[in-house]
Amino acid sequence: MGLVGLQTLLGAAATTHANPLAPKRSHFPGTAKRVIHFFLNGGPSHVDTFDPKPALQTYAGQPLPTGHLRTERHTGAAFPSPFTFTRHGQSGLPVSELFPKIGACADNLAVIRSMKAELPDHEPSLVLMNCGDSILSRPSVGSWATYGLGTENQNLPAFITMCPGGYPIKDAQNWQAGFLPGIYQGTFIDTQHTEIDKLIKHIRNPSIPLATQRTQLEFVADLNRAHSLERGRNPAMEARIQTFELAYRMQMEATDAFNLAAESHAMREAYGDGVHGRQTLIARRLLERGVRYVQLWHGAGQPWDNHDKIQASHRRLANELDQPVATLLTDLKQRGMLDDTLVIFGGEFGRNPTVELNPNGQSILGRDHNPYGFSMWLAGGGIKGGTTHGATDEFGFQAEKQITSVHDLHATILHLLGFDHEAFTHRYAGRDFRLTDVSGQVIREILA
Amino acid sequence: MDPDNRLLSVYPHRRLDFESMRDALLAASGELDVHLGGVPSSLLGNAATPRRSLYGKIDRQFLPSELKAFDFANPELHSPRRFETNVPQQALFFLNSPFAMQRAQALAQTLEMNDPRARPLPKNLPTKSNVKRTIFKPIIHSTDS
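Same order as they appear, the protein sequences are chains H and A.
Positions 1 to 448 (our numbering) are the ones given, in order, by the first sequence.
Positions 1 to 145 (our numbering) are the ones given, in order, by the second sequence.
This is chain H alone, in the form it adopts within the complex (with noise of 0.2 Å):
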């Protein structure tokens, strides 16, 4: 049959009957094969996570000397982190005492202090996070991995997102396909139910089991192929007709992917019990199995954003992640994939080192959304671990050193998956677009 051959004359393009998720290769052999994200949606805050500013201790309570700093909200007296840091592993890096468990990670981590977004507020901040504009509908950074290299697994979505409880702001677009076709969209699902039925739409028929489904396959096979000879061998008709097959195996491999029972009681006590342990022990078994690109929120809504008391909110929203994403770097170092699964670690932006204030000038004793400096980190897949990059200026506002553009992010990325971010582009509206726009450059620093 000419299927395969047809495959190959065909290429990456996407407006053809050939698999669009079948496996490409990239421009260059990449380090990383695969990618996870953990999405601290809301923003965390960088000074109380890998950030230390000793300097904001001096001026505790007091406004910061570089005068007022441009906030979104009224901000006022500098606000020390009420956590402490350590330096951990042998690379010393330091990492507050929110994220114990991810510290003992340091000399896998490289720390990005110098990113900066755009604009203060979640929603363009979240899009140019995933999708590189901040303002226009772009796909996202999965939909572009999954159309450049396809997936190895056939038989499960290739670019999975997961949330407990619902949608982070934005929703979908945080995960779209924009002007490329529409299989290469995050699949969404919802974390908080267990049941397969309802974490993958249309996985499983309620009324009929598999075996007399695999009866009527046979029969509709049949059908089709009667169908097929009457019009002549039609490849787009064939296409069809396998994806019939592929929907079967669907269903069993996809079941079995989100089976927890199959791991042991240690693996599953290890990355926790509770849903973001649940999650990221989903992720990696998807990550096992083929899938892509996998990307976690945190929950609902935006539950990093502590514009008040951010001190009990943000030690209970570390509490859920340390343990589980700490396990996750371990288990794939153990099973020999970190070496090829790249592991992201941020929010869409950072918090300001001074209070926030309520309109009467009290403080709130949160902090406001900071996009002009935050921190993110990145482990695995080609990474030089125990290392940070950039800096911010003395108290944590602005990207000062090596400031890095979430473009120059997504450049790194593509170039780990082996993409020459200048030359992977996608003809729409008669112009070549690429994830990073017009600008952006590979952190090669960062680079194993």
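To be clear, the hints were calculated from the coordinates, so they are not data collected in a lab.
One or more of the hints may lead you astray.
Calculated cross-link-like contacts (lysine-lysine; reagent style BS3-like; alpha-carbon spacing at most 27 Å) [unchecked claim]:
#1 Lys101/H to Lys309/H
#2 Lys333/H to Lys116/H
#3 Lys198/H to Lys57/A
#4 Lys384/H to Lys401/H
#5 Lys201/H to Lys57/A
#6 Lys333/H to Lys101/H
If the Cβ cut is set under 10 Å, some of the chain A residues that face chain H in the computed set are [stated by the list, open to error]:
#7 Ser9
#8 His13
#9 Phe62
#10 Pro64
#11 Ser65
#12 Leu67
#13 Asn74
#14 His78
#15 Ser79
#16 Asn86
#17 Gln89
#18 Phe94
#19 Leu95
#20 Ser97
#21 Ala100
Glycine residues also receive a C-beta, built at the ideal position from the N, C-alpha and C atoms.
With chain H's structure known, arrange chain A on it following the hints.
The following block gives chain A in isolation, referenced to the frame of chain H:
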């Protein structure tokens, strides 16, 4: 003779878009409501009506994933042409979705022996009685609505 149909010996195959496909399913089961005008209604789900897909309500922030799977145009972008992908999520819709199953039930309930919509089965199929038993019986006797 003309395997790639370059000489247009037969009319070229065209892919039905989602709206036409949904209308075709409703027409096949005899449920399609063709009256014109009125307020839009949901295309899928519990609030769906059997109206033509033309009257479907589109919420660009919450576009159902089925529409995405069937290459529905992104409402936020200029889309001169739709993609035509073949993916298992489309097949899953036909196999397991409540929408497809409800259409099958509706069709089974109205079908009579000499219904003009019925076509004879191709000759080289597995025995017809076996097929009828295993495939149609669960649909006809299912208590799902």
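Structure-based check of each hint:
1. Of the pairs offered as hints, the one joining Lys101/H and Lys309/H holds, with about 24 Å between alpha carbons and a cut-off of 27 Å not exceeded.
2. Only pairs whose Cα atoms come within 27 Å are accepted, and Lys333/H paired with Lys116/H is rejected, the gap being roughly 30 Å.
3. For the given pair, Lys198/H sits about 24 Å from Lys57/A by alpha-carbon distance, which is consistent with the 27 Å threshold.
4. At roughly 19 Å between alpha-carbon atoms, Lys384/H and Lys401/H fall within 27 Å of each other, so this suggested pair holds.
5. A hinted pair counts as satisfied when its Cα atoms are at most 27 Å apart, and Lys201/H with Lys57/A qualifies at roughly 20 Å.
6. With a C-alpha separation of about 15 Å, the suggested pairing of Lys333/H with Lys101/H holds against the 27 Å cut-off.
7. Annotation: Ser9/A was flagged as interfacial toward chain H, and the flag holds, the nearest CB pair being 9 Å apart, inside 10 Å.
8. For His13/A, the suggested interface contact is upheld, since its CB lies about 6 Å from the closest CB of chain H, less than 10 Å.
9. Nearest Cβ of chain H to the Cβ of Phe62/A: about 7 Å, under the 10 Å cut. The hint holds.
10. For Pro64/A, the suggested interface contact is upheld, since its CB lies about 9 Å from the closest CB of chain H, less than 10 Å.
11. At its closest, the beta carbon of Ser65/A sits 6 Å from a beta carbon of chain H; the interface hint therefore holds under the 10 Å criterion.
12. Among the interface hints, the one on Leu67/A holds; its C-beta lies about 8 Å from the nearest C-beta in chain H, closer than the 10 Å criterion.
13. Satisfaction of the interface hint for Asn74/A is found here, the shortest Cβ-Cβ separation to chain H being roughly 7 Å, below the 10 Å cut-off.
14. Given hint, His78/A at the interface with chain H, holds; its Cβ is 6 Å from that chain's nearest Cβ, closer than 10 Å.
15. Interface restraint check: Ser79/A against chain H, minimum CB-CB distance 8 Å, threshold 10 Å, status holds.
16. Contact between Asn86/A and chain H, as hinted, is supported at the beta carbon level, the nearest pair being about 4 Å apart and thus within 10 Å.
17. Hint on Gln89/A holds. Least Cβ distance to chain H is approximately 7 Å, under the 10 Å limit.
18. Residue-level restraint check for Phe94/A holds (minimum Cβ-Cβ distance to chain H is 8 Å; threshold 10 Å).
19. Hint on Leu95/A holds. Least Cβ distance to chain H is approximately 6 Å, under the 10 Å limit.
20. Interface hint status for Ser97/A: upheld, as the beta-carbon distance to the closest one in chain H is roughly 5 Å, under 10 Å.
21. The interface hint given for Ala100/A holds, since its Cβ lies 9 Å from the closest Cβ of chain H, which is under the 10 Å cut-off.
When the structure is compared with the earlier hints, a violation turns up for hint 2 alone.
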